[in-house]
Structures are given as structure tokens and as C-alpha cells.
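Chemist: Whenever a hint applies, use it, and build me the whole structure from the sequences.
If you're matching them up, the sequences are chains G, H and L in order.
For the first sequence, the residue numbers in my numbering are 424 to 661.
For the second sequence, the residue numbers in my numbering are 3 to 198.
For the third sequence, the residue numbers in my numbering are 16 to 109.
Because the hints were derived from the structure by calculation, they are not lab data.
As the structure is a prediction and not an experimental result, all values here were calculated from the model.
A few of these clues could be false.
What the hints assert, rightly or not - The calculated lysine to any residue pairs, modelled on SDA-like cross-linking and capped at a C-alpha distance of 25 angstroms, are:
| hint | chain 1 | residue 1 | chain 2 | residue 2 |
| --- | --- | --- | --- | --- |
| 1 | G | Lys497 | G | Ala441 |
| 2 | H | Lys130 | H | Pro38 |
| 3 | H | Lys85 | G | Glu500 |
| 4 | H | Lys85 | L | Ser88 |
| 5 | H | Lys85 | G | Gly471 |
| 6 | H | Lys85 | G | Val637 |
| 7 | H | Lys85 | L | Asp89 |
| 8 | G | Lys497 | L | Glu91 |
| 9 | G | Lys497 | H | Lys130 |
| 10 | G | Lys497 | L | Val98 |
| 11 | G | Lys497 | G | Val637 |
| 12 | G | Lys497 | H | Tyr197 |
| 13 | G | Lys497 | H | Arg8 |
| 14 | H | Lys85 | G | Gln473 |
| 15 | H | Lys85 | L | His69 |
| 16 | H | Lys85 | G | Val475 |
| 17 | G | Lys497 | H | Thr57 |
| 18 | G | Lys497 | H | Asn16 |
| 19 | H | Lys85 | L | Glu91 |
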Amino acid sequence: MRKSWQAAEVSAVRPETARSRTIRLRFPDAVTGIAGQHVDLRLTAGDGYQAVRSYSVAGWIPPDELEVTIEELKDGEVSPFLVNDLAPGDELEVRGPVGGWFTWTPDQEGPLQLIAGGSGVVPLMAMLRAHSGAGSAVPARLLYSVRGPEQVFYGSELAVIGQENPHVTVDFAYSREAPDGQPVGRLTREAVMRACFPPEDLPSVYVCGSTGFVEAVASWLVDAGHEAGRIRTERYGG
Amino acid sequence: MAAPTRGFTGRPRNPDANLPPGQYATDGFPVLSAGPTPHVPLPDWTFEIDTGSATHQWTWEQLQALPQENITADIHCVTRWSKLGTAWRGVSLDTLFEEVESEAEYAMVHSYGDYTTNLPLEDLLDGKAWLVHEFEGEALPSAHGGPVRLLVPHLYFWKSAKWVSGIRMMDQDLPGFWEVNGYHIYGDPWREERYS
Amino acid sequence: MDSADQHPHDHDHLDGNALAGALEQFMVDLTSARCTCAHCGSSSALGAALLYTHAPGMVLRCPTCTSVLLCLSDQEGRQVLTVDGIRQFAVTSR
Ligand SMILES: Cc1cc2nc3c(=O)[nH]c(=O)nc-3n(C[C@H](O)[C@H](O)[C@H](O)COP(=O)(O)OP(=O)(O)OC[C@H]3O[C@@H](n4cnc5c(N)ncnc54)[C@H](O)[C@@H]3O)c2cc1C
Ligand SMILES: [Zn+2]
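Modeler: Following this line, the structure appears as C-alpha cells:
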């Protein structure tokens with residue numbers, strides 16, 4: 424069986440926004456997984472103290488690499504280190520990719536509805552990449568709630584997918600600042616319903632973000648008639 | 003043991019000769035909970051001691067009418083943080099046990115929600131344990147166990163049950179919630195009794 | 016064979032190690048397994064239950080009745096798992 428913790432090397436880093444970055448990890452052997460999965464990262468201090476955090480996989484680079492995207496949380500113990508201090512060539516202990524619940528595969532039936540709050544877009548991006556990569560004709564929609572245009576992850580890639588893939592629709596909801604002519608404000612129940620497949624279409628719904636975001640959105644969806652069993656959630660905490 | 007991660011230190015840890023082994027001091031007050039936070043309105047709040055043959059019950063008002071003490075104590079969490087010089091206000095369990103007759107030597111502490119923790123009765127008496135309802139001069143917030151939590155500072159902090167609702171006396175030392183899950187039946191931080 | 020006298024003296028049972036192959040089917044990602052709550056009897060995927068992590072160990076609770084399904088703690092090299100809140104696990108055969 425696969426060893427639980429293995430050392431992976433940071434093979435590249437690139438900024439995603441001012442306070443977040445994408446980290447590419449190279450594994451000792453080939454690594455595969457399912458869109459929506461996460462890895463656990465374990466960091467060890469000089470005195471033996473250890474911290475473990477989970478990060479969704481954003482994408483796979485065959486045969487032996489994958490990427491995660493990390494947002495720096497003010498006062499956080501681990502995320503500021505990963506965003507600001509970690510450098511190519513460093514090693515991290517990794518467990519996974521793991522998880523079989525919050526996952527999507529292109530053979531799954533029904534429309535795909537993705538709803539992201541902030542860094543919760545990461546596993547949903549992995550699903551969109553899997554969707555495009557498989558040439559899937561399943562209709563897919565992403566509603567991405569974000570503070571402002573400067574905080575968007577994977578912005579240019581999302582713009583391309585939204586424009587060029589006829590099966591994919593990407594909508595943004597801006598909570599603090601918006602590009603000219605677009606509404607700004609807290610995400611509302613109505614905005615979510617407008618950007619989502621209706622319950623009659625029997626979409627598979629994936630909601631990911633902070634615990635408060637996921638809780639609010641999931642309860643709106645259930646109130647609107649989406650079957651609880653079709654809604655999968657990933658709470659990041661906070 | 004894994005090799006250190008280059009440059010990673012984690013939050014500052016201050017090992018201190020005055021702390022129990024393996025603990026570090028924190029200025030914050032981390033919120034630990036193993037389930038949803040119960041919200042008990044004060045008019046509905048009661049505390050009950052059940053000896054098996056009799057029950058003794060106090061309402062919030064009755065608790066307030068008892069002699070109140072100010073307690074300053076160091077607290078030690080099994081997750082390795084300690085907080086020094088915390089200030090509490092509440093009622094000594096000696097006061098509550100004055101009217102209780104029981105031969106039983108052990109206690110199971112119960113909380114609103116489903117939490118339990120076990121202690122020998124002698125660890126609850128002789129000025130070692132309190133029912134507290136104020137922290138640092140303010141009403142105890144529900145996140146920290148309000149309206150009322152147990153405070154037994156000489157044992158690991160999981161023994162200081164949040165949202166405390168009562169004590170059931172026992173003839174044997176049966177394990178509570180964390181004790182069933184492999185944590186030490188007694189939990190003395192100075193002897194580092196973390197696990198069974 | 017010190018406890019042989021307490022064993023039922025029939026010829027109906029094998030030794031537990033014969034179960035190894037059948038149990039191997041449970042060596043999967045259990046978060047997608049369906050589990051039945053021993054308290055309220057409702058069933059759900061483990062991945063859809065409520066996980067509390069700000070605690071000495073991790074506590075997983077039933078999404079229907081919030082009673083404890085399982086508790087997992089890392090006790091310095093010893094992993095302790097208590098599952099008495101789960102009556103049944105069901106995984107799909109591969
Ligand atoms: C499955 C999963 C996938 C995830 N994927 C991603 C991802 O792709 N990208 C990403 O950026 N993040 C992701 N996260 C979140 C990530 O795991 C970390 O939680 C995040 O990076 C913060 O870690 P930290 O060490 O910086 O902060 P921490 O030091 O852990 O603090 C986080 C917050 O919790 C508070 N806090 C800490 N301890 C306590 C306590 N005891 N009681 C109460 N509050 C406390 C802090 O004040 C702070 O606000 C994911 C989480 C999960 C569960
Ligand atoms: Zn239940």
C-alpha cells in the first residue's frame with residue numbers, strides 16, 4: 424500500500440494574487456488523483472513541532488507533479504509561511520491526494536454546478552480542468568464569489584474557458600469591489616439562484632469556501648428545492 | 003522524526019521552566035470544542051449533583067446567591083498550550099458539596115451537549131475546583147463554556163468541562179469522553195499524564 | 016488454548032484470519048463509505064458528516080442528530096480510533 428507521508432519537492436512557485444500563490448510539488452513517483460481531492464501538508468519545526476494543513480489540488484501535471492494554491496490568512500500559522508517563505512527546492516511532507524466524497528469525474532451524469540467562495544475555487548478549478556481536459560459536453564457553471572477582481576485566482580484561464588468552451592459558463596460575484604458596471608455587495612440568495620442550474624435539471628452541486636460561506640449557500644440551495652443529497656460541500660474552516 | 007522544513011518555526015512557543023513538561027505559553031485563548039456550542043438561556047440553566055440516592059439542584063439565581071470567589075490560575079491544555087494567570091469568578095465546589103451526603107469517591111461531570119469527564123471526588127474538593135461564570139471580569143462567553151463551566155486548573159484543561167450541567171457520583175472511576183478515547187484517566191500535567 | 020473451554024464446541028467456525036480477503040474490501044477511502052448512525056439510525060456518507068477539529072482529537076458527528084460517530088486522535092505515534100457511534104459501514108465493491 425502507498426506510504427502515508429512522503430517528501431515532495433517544491434518544483435515551482437508563482438504568485439496567483441498579491442496574497443496567494445500556486446505551488447507545484449514534485450513527487451518521488453507518479454501521482455494521479457480525482458478532481459476535488461486534497462493533499463495534507465506536514466511541516467516540521469527545528470524543535471520537532473509539527474503542523475498539518477489540508478490543501479485542495481488545483482491540477483495535475485503528469486506524471487509526477489501537482490499544484491496547490493494557497494491564500495495567506497492573516498495571523499495564520501502555516502499559510503503565511505507557504506505563501507511568503509517557501510522556495511523552489513524546499514521539501515514538504517505530503518499525504519495524498521486523498522478524498523473520495525468531494526470529487527467529480529467526467530463520467531458523472533447531469534449538469535455540473537460549482538459555487539466557490541474565495542480560495543474555495545481551487546478544487547472547483549480542478550473539476551473545470553478535468554471537464555475541459557476530457558472534452559466533456561456536460562453543461563457546467565461556475566459561480567465564483569470573490570472580494571474584488573484583484574483577488575481572482577486563475578483569472579486568465581477562467582476567461583478563456585468561459586469564452587471558448589460552449590459548455591461552460593463562468594459568473595463572478597464581487598463582494599467588495601467590482602469592475603466598472605458590475606454590481607458589488609454581499610452574495611445573496613437571489614444572485615446564487617440566478618447563476619445556478621434550477622433544481623429540475625438535477626445538477627450535481629459542489630460548494631467550497633469558508634465555513635460561513637458554505638453554510639449560507641448550502642442552506643439557500645436546499646430552500647430553493649435542490650435535493651440535499653446532490654449538494655456536496657467542502658468547508659475550509661474560519 | 004521527519005527532517006525540519008527549511009525556515010518553518012510555527013507560532014512562537016515559549017518553553018518555560020515554570021510550565022509543565024511539553025507545554026508552551028500562549029497569550030491567546032484558543033477555543034476548543036468537540037461539538038456544537040449549546041446555548042442555554044439563564045432561566046433554564048440548572049446544575050445538579052446526583053448521588054444515586056438524592057439529587058441536589060441549583061438554578062442560576064441560587065448559584066449567584068452563594069459565596070463567590072475570585073480565582074487566578076494557570077491552565078494547561080493537553081494540546082500543549084498553557085495560559086498563565088487567568089482570572090475567573092465563581093463558586094467553590096466545596097460550597098456546593100456542603101449539603102451533599104455521599105460515600106462515592108468518583109465523579110462524572112456532565113455538560114449540556116453530550117460531553118462528560120471523570121475525576122476523583124477529592125480533586126473537586128478542598129479549594130481545587132469551581133463552577134465559574136466570569137472570565138477576566140466579563141460574563142463567560144459561550145465559546146469558552148458559558149454560562150457556567152467547571153474549573154479544575156491542577157489537571158489538564160479537558161477536565162474543566164465547558165457548559166457544565168451536573169455531577170453524577172460513582173463508586174468506580176469510569177472514563178468520560180476523552181478518557182474513553184485514549185486520554186489519561188487522571189490527567190496531571192506535571193506528570194505529563196496525556197494518554198492512557 | 017487456555018480459553019478453549021469457553022469456545023463453543025461446534026465445528027461451525029473458522030479463525031478470524033480467514034476474513035482477511037473480505038475485509039480488504041474496506042481498505043478504501045472511507046470518507047465515501049455510507050455509515051449508519053448508531054444513535055438515530057440515519058445513514059450518510061462519512062464525507063458529509065460534521066467534523067470538529069479544534070479539540071484534542073478529531074470528532075465526527077452525525078449530520079442528522081449530531082451524536083458522535085467516531086473520534087480519532089493522534090497520540091504521539093499511536094492513532095486511536097473509536098467508532099462506537101457507527102452501527103454500519105457500507106462500501107461499493109470494486
Ligand atoms: C479539505 C480542505 C482543503 C483546503 N484547501 C485549501 C486551499 O486549496 N487553499 C487554501 O488557501 N486553504 C485551503 N484550506 C484551508 C487550509 O487548510 C488552512 O486552514 C488555511 O491555510 C489556514 O491555515 P493557517 O495555519 O495559516 O491558519 P491557522 O493558524 O490554522 O488559523 C486559521 C484560522 O483559525 C483560527 N484558529 C486557529 N486555531 C483555532 C482554535 N483552536 N480555535 C478557534 N480558532 C482557531 C485562527 O485565528 C485563524 O483565523 C483547506 C482546508 C480543508 C479542510
Ligand atoms: Zn444520528
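Chemist: Which hint numbers does the structure go against, in order from smallest to largest?
Modeler: Structure breaks hints 2, 6, 8, 9, 10, 12 and 17.
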